[in-house]
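Participant: These protein sequence lines map, in sequence, to chains X and V. In this text, residue positions in the first sequence follow my numbering: the first is 1, and each later residue adds one. In this text, residue positions in the second sequence follow my numbering: the first is 1, and each later residue adds one.
Quick caveat, the hints were computed from the structure, so don't treat them as lab data. Ideal Cβ positions, reconstructed from N, Cα and C, are used throughout, including at glycine. Just to be clear, a hint being listed does not mean it is correct.
[Unchecked claim] Here are the computed lysine-lysine pairs in the DSBU-like style, where the Cα-Cα straight-line distance is at most 30 Å:
{"hint": "1", "chain 1": "V", "residue 1": "K272", "chain 2": "V", "residue 2": "K236"}
{"hint": "2", "chain 1": "X", "residue 1": "K20", "chain 2": "V", "residue 2": "K127"}
{"hint": "3", "chain 1": "X", "residue 1": "K20", "chain 2": "V", "residue 2": "K87"}
{"hint": "4", "chain 1": "X", "residue 1": "K20", "chain 2": "V", "residue 2": "K128"}
{"hint": "5", "chain 1": "V", "residue 1": "K236", "chain 2": "X", "residue 2": "K20"}
{"hint": "6", "chain 1": "X", "residue 1": "K389", "chain 2": "V", "residue 2": "K87"}
{"hint": "7", "chain 1": "X", "residue 1": "K181", "chain 2": "X", "residue 2": "K273"}
{"hint": "8", "chain 1": "X", "residue 1": "K273", "chain 2": "X", "residue 2": "K185"}
{"hint": "9", "chain 1": "V", "residue 1": "K236", "chain 2": "V", "residue 2": "K209"}
{"hint": "10", "chain 1": "X", "residue 1": "K50", "chain 2": "X", "residue 2": "K20"}
{"hint": "11", "chain 1": "X", "residue 1": "K406", "chain 2": "X", "residue 2": "K181"}
{"hint": "12", "chain 1": "X", "residue 1": "K389", "chain 2": "X", "residue 2": "K406"}
{"hint": "13", "chain 1": "X", "residue 1": "K159", "chain 2": "X", "residue 2": "K75"}
{"hint": "14", "chain 1": "V", "residue 1": "K87", "chain 2": "V", "residue 2": "K134"}
{"hint": "15", "chain 1": "V", "residue 1": "K209", "chain 2": "V", "residue 2": "K272"}
{"hint": "16", "chain 1": "X", "residue 1": "K333", "chain 2": "X", "residue 2": "K188"}
{"hint": "17", "chain 1": "X", "residue 1": "K159", "chain 2": "X", "residue 2": "K185"}
{"hint": "18", "chain 1": "V", "residue 1": "K206", "chain 2": "X", "residue 2": "K406"}
{"hint": "19", "chain 1": "X", "residue 1": "K273", "chain 2": "X", "residue 2": "K333"}
{"hint": "20", "chain 1": "V", "residue 1": "K206", "chain 2": "X", "residue 2": "K389"}
{"hint": "21", "chain 1": "X", "residue 1": "K188", "chain 2": "X", "residue 2": "K273"}
[Stated by the list, open to error] Okay, the calculated beta carbon distance ranges per label pair:
{"hint": "22", "chain 1": "V", "residue 1": "N180", "chain 2": "X", "residue 2": "L28", "range": "45 to 55 Å"}
{"hint": "23", "chain 1": "V", "residue 1": "N180", "chain 2": "X", "residue 2": "V374", "range": "48 to 58 Å"}
{"hint": "24", "chain 1": "X", "residue 1": "F326", "chain 2": "V", "residue 2": "D163", "range": "31 to 41 Å"}
{"hint": "25", "chain 1": "X", "residue 1": "W6", "chain 2": "V", "residue 2": "V210", "range": "37 to 47 Å"}
{"hint": "26", "chain 1": "X", "residue 1": "W6", "chain 2": "V", "residue 2": "N120", "range": "27 to 37 Å"}
{"hint": "27", "chain 1": "V", "residue 1": "L241", "chain 2": "X", "residue 2": "G409", "range": "56 to 66 Å"}
{"hint": "28", "chain 1": "X", "residue 1": "F326", "chain 2": "V", "residue 2": "D123", "range": "55 to 65 Å"}
{"hint": "29", "chain 1": "V", "residue 1": "T131", "chain 2": "X", "residue 2": "R3", "range": "52 to 62 Å"}
{"hint": "30", "chain 1": "X", "residue 1": "G409", "chain 2": "V", "residue 2": "A21", "range": "21 to 31 Å"}
{"hint": "31", "chain 1": "X", "residue 1": "W6", "chain 2": "V", "residue 2": "D163", "range": "10 to 20 Å"}
Chain residues, written in single-letter form:
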Amino acid sequence: MWRKAWRVAGAEFSNLVRTKAFIISIVLMPVLMGGAIGLQILLEERVDTKVRRFAVIDKSGAFAAVIEQAAAARKENPPFAPERSDSDVAALSSRVRDGDLFAYLVIGEDALETGQGVTYHSDSPTYMDLSRWLGGVMTHRIQEHARESLGISVEDRRKLNVRARVQAYGLTTVTETGEVKAAEKIDKIATFVIPVAAMWLLFMLVMMAAPMQLNIVLEEKMQRISEVLVSSVSAFELFLGKLLGTVFASWLLSVLYIGGLSVVAQRFGYLDKIPVSLFVLFLPFQLMALLIFGSIFSAIGAACSEIRDAQSLMMPAMLIVMLPMFVWMQVVKEPNSTFSTVVSLIPPATPFLMMLRVGVPPGPPLWELVLGVVGATAFTLFCVWAAGKVFRIGVLSQGQTPSIRKLIGWVFSK
Amino acid sequence: MSAVTLEGVSKRFGAVHAVDALSLEVPRGSIYGFIGPNGSGKTTTLRMILHILLADAGRIEVLGETGTRAANDRIGYLPEERGLYRKMTVQRVLTYYAGLKGVRARDARKESARWLERLNLGDWANKKVETLSKGMSQKVQFIATIVARPELVILDEPFSGLDPVNLEVLREVILELRDNGATVIFSTHDMSKAEELCDFIFMIFKGRKVLDGTLDSIQAQYGADTLRVRVEGGHKLLEGLDGVGSVRDFGRYQELRFAGDPQELLRTLVAKTRVERFELTRPSLHDIFQRIAGPEAEDVA
Numbered sequence: 001m002w003r004k005a006w007r008v009a010g011a012e013f014s015n016l017v018r019t020k021a022f023i024i025s026i027v028l029m030p031v032l033m034g035g036a037i038g039l040q041i042l043l044e045e046r047v048d049t050k051v052r053r054f055a056v057i058d059k060s061g062a063f064a065a066v067i068e069q070a071a072a073a074r075k076e077n078p079p080f081a082p083e084r085s086d087s088d089v090a091a092l093s094s095r096v097r098d099g100d101l102f103a104y105l106v107i108g109e110d111a112l113e114t115g116q117g118v119t120y121h122s123d124s125p126t127y128m129d130l131s132r133w134l135g136g137v138m139t140h141r142i143q144e145h146a147r148e149s150l151g152i153s154v155e156d157r158r159k160l161n162v163r164a165r166v167q168a169y170g171l172t173t174v175t176e177t178g179e180v181k182a183a184e185k186i187d188k189i190a191t192f193v194i195p196v197a198a199m200w201l202l203f204m205l206v207m208m209a210a211p212m213q214l215n216i217v218l219e220e221k222m223q224r225i226s227e228v229l230v231s232s233v234s235a236f237e238l239f240l241g242k243l244l245g246t247v248f249a250s251w252l253l254s255v256l257y258i259g260g261l262s263v264v265a266q267r268f269g270y271l272d273k274i275p276v277s278l279f280v281l282f283l284p285f286q287l288m289a290l291l292i293f294g295s296i297f298s299a300i301g302a303a304c305s306e307i308r309d310a311q312s313l314m315m316p317a318m319l320i321v322m323l324p325m326f327v328w329m330q331v332v333k334e335p336n337s338t339f340s341t342v343v344s345l346i347p348p349a350t351p352f353l354m355m356l357r358v359g360v361p362p363g364p365p366l367w368e369l370v371l372g373v374v375g376a377t378a379f380t381l382f383c384v385w386a387a388g389k390v391f392r393i394g395v396l397s398q399g400q401t402p403s404i405r406k407l408i409g410w411v412f413s414k
Numbered sequence: 001m002s003a004v005t006l007e008g009v010s011k012r013f014g015a016v017h018a019v020d021a022l023s024l025e026v027p028r029g030s031i032y033g034f035i036g037p038n039g040s041g042k043t044t045t046l047r048m049i050l051h052i053l054l055a056d057a058g059r060i061e062v063l064g065e066t067g068t069r070a071a072n073d074r075i076g077y078l079p080e081e082r083g084l085y086r087k088m089t090v091q092r093v094l095t096y097y098a099g100l101k102g103v104r105a106r107d108a109r110k111e112s113a114r115w116l117e118r119l120n121l122g123d124w125a126n127k128k129v130e131t132l133s134k135g136m137s138q139k140v141q142f143i144a145t146i147v148a149r150p151e152l153v154i155l156d157e158p159f160s161g162l163d164p165v166n167l168e169v170l171r172e173v174i175l176e177l178r179d180n181g182a183t184v185i186f187s188t189h190d191m192s193k194a195e196e197l198c199d200f201i202f203m204i205f206k207g208r209k210v211l212d213g214t215l216d217s218i219q220a221q222y223g224a225d226t227l228r229v230r231v232e233g234g235h236k237l238l239e240g241l242d243g244v245g246s247v248r249d250f251g252r253y254q255e256l257r258f259a260g261d262p263q264e265l266l267r268t269l270v271a272k273t274r275v276e277r278f279e280l281t282r283p284s285l286h287d288i289f290q291r292i293a294g295p296e297a298e299d300v301a
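For reference, chain X alone in the conformation it holds in the complex:
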């Protein structure tokens, strides 16, 4: 069986790596990374310098001058330019609409005492910088007024405003020689960015390869290539060969991506912060995810005769693929909670979520990792077996797309 499956895998690999999509994928990563860095540099250089002119109707008479002083002293871009106004709000709204003003502020009579009755009006609801800045300036003015009326000195006020700053550290460790190693400060990049990036990289690689299986199998079926192939190899050999070819092509991408990212991490001094287990487990988890989802998508492709039918069957499969994406935030926040443990042991999600948990120090207990790997392996084998059965029947069938119930029937047919 394996001789022919390898031959199919070889051809599949060769076809995949020659596709434009694959070549673009290789180029995509550095382009995306380079693009993101380049964009940041570009954005830093090209700051927004357009003056934000706004009107202030100060019914309290306590804030307009302070706002003018603060705006004059402000050095950041874009510049803020206040103007006092007695106009009615309809006229000011009209000026905002015409682009003459960016916004206007209405300050109520007792704002200095209560902080209430302040409204900010603009036609750019998503731009928050100006309203936030105004809030800060006015809060400071209110606090100063309170200090003066209570007779508190500037020094005492500073003392009143002292805040506790809690810094996050890991645990102190004791070496074999009994030496106590001080706890290290928690690094956001090592504890958050790296594991999340690893999970997303895995997800991206799986999503690039597995759904493509559906198109390849469906296309071969529609072009009647499948019938020629199954006269030379068994349907299961064909199915297995296709899966393996996809795995190898995806692994090649992984090696290129991981290699490239490791060079970047080394350059910024983060390579030693990436847990070795992430490197060790990446390819096996990728293999499992590709076999699970690749076999499901292959089976869908084989069962359908039209792209439209395949897309409707694809929906439930996509929901399963997306499961880790719905919960990853919760998992990274509390990687060893009961919820995270349970959800990462659900086989289709295991490769992604266990990868995430492994990346966040101190990682999951070994027994959970072993259980996850065993469960995911068993599920992978089941998927390959079941999808292989569907593929065998589906690849030669023509006409109406079978219902999910019928597909289940195919799985358990002789």
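Given chain X's structure and the hints, the job is docking chain V onto it.
Facilitator: Chain V in isolation, oriented as in the chain X frame:
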């Protein structure tokens, strides 16, 4: 010795009996024609011989192997609906298909180059399949079928869509394969091609065997009740005469089934018109096919 033996083979698809208790023997080194109307079970039978489909009942022996795919590397299969990778070059497709039969890449390249030259496609070896015309693609598909030097060649409608020149080339190659010892099974709707090429003819109708044997023996079964006649006045003059059954007009002559003494009919015709041709003959395969399949044969004809 038989290349293929089927004994009591049946296959059902749900409530449909696609093949029912079918038995046949394909002698080695022969050209064996499968005929039958659409949906009669031809392709299902071919797929069972290839073990693409498994029979529900019965025994299938192919090239000495019973009930396994072990012989598949020695079989070349040309399905009715052609399947080639459009983005691959002709050479790569042929090497890949031969490789699946266990042929080494170097040998496959050599053999495919030989066949491409033979079928006037030598200049197209490194072109992508998508650039080929329909006729060229069909010839490439045919080469893919035989490039691994199979002992048994199964051709499902090999001539469909070919122009007369290529059709003749393919006919020659099929005869050459047989002369070199290969067994050829081919399924066709073209009765004249079956008559012309086949050593044995097998007809399946509604899943059951209805004809099996040499063309001579089949025609003998259906007696000598067929006459080919050309008369002034054409087929209208023949219709309604005593003893004349169906009349088929071939333009230059009419073929009719006649029950009675042909001498009587000849006398009647001579009395009525000028008779240019009067020939006692055996029924054509097409005629036999129509007698068995009746109206369903119209789909095929």
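Participant: Taking the hints in turn, state whether each one holds.
Facilitator: Hints and how they fare:
no., hint, in the structure
1, V:K272 x V:K236, "12 Å, holds"
2, X:K20 x V:K127, "18 Å, holds"
3, X:K20 x V:K87, "12 Å, holds"
4, X:K20 x V:K128, "16 Å, holds"
5, V:K236 x X:K20, "66 Å, violated"
6, X:K389 x V:K87, "28 Å, holds"
7, X:K181 x X:K273, "17 Å, holds"
8, X:K273 x X:K185, "13 Å, holds"
9, V:K236 x V:K209, "36 Å, violated"
10, X:K50 x X:K20, "43 Å, violated"
11, X:K406 x X:K181, "62 Å, violated"
12, X:K389 x X:K406, "12 Å, holds"
13, X:K159 x X:K75, "28 Å, holds"
14, V:K87 x V:K134, "15 Å, holds"
15, V:K209 x V:K272, "43 Å, violated"
16, X:K333 x X:K188, "12 Å, holds"
17, X:K159 x X:K185, "27 Å, holds"
18, V:K206 x X:K406, "27 Å, holds"
19, X:K273 x X:K333, "19 Å, holds"
20, V:K206 x X:K389, "29 Å, holds"
21, X:K188 x X:K273, "11 Å, holds"
22, V:N180 x X:L28: 45 to 55 Å, "53 Å, holds"
23, V:N180 x X:V374: 48 to 58 Å, "56 Å, holds"
24, X:F326 x V:D163: 31 to 41 Å, "59 Å, violated"
25, X:W6 x V:V210: 37 to 47 Å, "45 Å, holds"
26, X:W6 x V:N120: 27 to 37 Å, "35 Å, holds"
27, V:L241 x X:G409: 56 to 66 Å, "59 Å, holds"
28, X:F326 x V:D123: 55 to 65 Å, "56 Å, holds"
29, V:T131 x X:R3: 52 to 62 Å, "32 Å, violated"
30, X:G409 x V:A21: 21 to 31 Å, "26 Å, holds"
31, X:W6 x V:D163: 10 to 20 Å, "40 Å, violated"
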